[in-house]
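Undergrad: Sequence:
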Amino acid sequence: MARKTSAASDEAWRTVEPLTLTPLLTAALATFHEFGYHGASVRDIAKRAGVTVPTLYYHHENKQGILVALMMTGIEAVTARAREAVDAAGPSPTRQFGNLVEACVLHMTSRTDIAFLDSELRYLEDAERKAYAAKRKHLENLLADVLTAGVEQGEFTVTDIAGTGRAMLGMCQSVALWFRPDGPQTPYEVSVFYREIALNAVGAVAPA
6 MARKTSAASD EAWRTVEPLT LTPLLTAALA TFHEFGYHGA SVRDIAKRAG
56 VTVPTLYYHH ENKQGILVAL MMTGIEAVTA RAREAVDAAG PSPTRQFGNL
106 VEACVLHMTS RTDIAFLDSE LRYLEDAERK AYAAKRKHLE NLLADVLTAG
156 VEQGEFTVTD IAGTGRAMLG MCQSVALWFR PDGPQTPYEV SVFYREIALN
206 AVGAVAPA
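Here the sequence shown is numbered in this note's numbering, starting from 6 and rising by one per residue.
Hints listed in this document are in silico derivations from the structure and should not be mistaken for laboratory results. All the pointers check out, no bait thrown in.
Just the calculated beta-carbon pair ranges, DEER-fashion:
id	residue 1	residue 2	range
1	K52	L126	22 to 28 Å
2	G159	Y62	55 to 61 Å
3	F198	R171	18 to 24 Å
4	A139	T191	31 to 37 Å
5	N67	T164	40 to 46 Å
6	H143	E16	19 to 25 Å
7	E130	E16	37 to 43 Å
8	A167	E16	26 to 32 Å
Source: prediction; values computed, not measured. For glycine and all other residues, C-beta sits at the position ideal for the given N, C-alpha and C.
Whenever a hint applies, use it, and build me the whole structure from the sequences.
TA: As structure tokens, this is what we get:
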């Protein structure tokens, strides 16, 4: 039997608005989405943005700087949404966990253009990669805290908190690689489906 979601579908954290980006970052995001980071050039981005290459360099040091700005925007957005979702769930770790997974998947399905950039992490230099990893750690820690509370309160049967957290985040992140806005499922439908998968994976015993 499918578990019920914890709150009405019109809660604020379930409403995903378009991200506010500068014209340059908007052009870069579209270019990266079309060609991939490696295949896109600074000239491609500048042309799409309607500016000269020198103008682009005035705002961003290089192509990697643009990628970092976009990736930071994405991870900060999904982390903020996840925190809102956990706060909206009340004291139950099961509801918190379900909301958190749902919030992450909503980000991946509603903002696939920026969510997929996580797969471009391999192109970052060490310093930039560490800075991004530090941002992502906030989301990992939030998930670990919820899982720990669930185990302590007897709602989850998880033996490896860190490993389970990594698996859950990896599962959520992979959605951006296959989801298509014109596909048969809506972002909300996918997020609820993944919520159910995640709750089953941790052996949740309380109603979600």
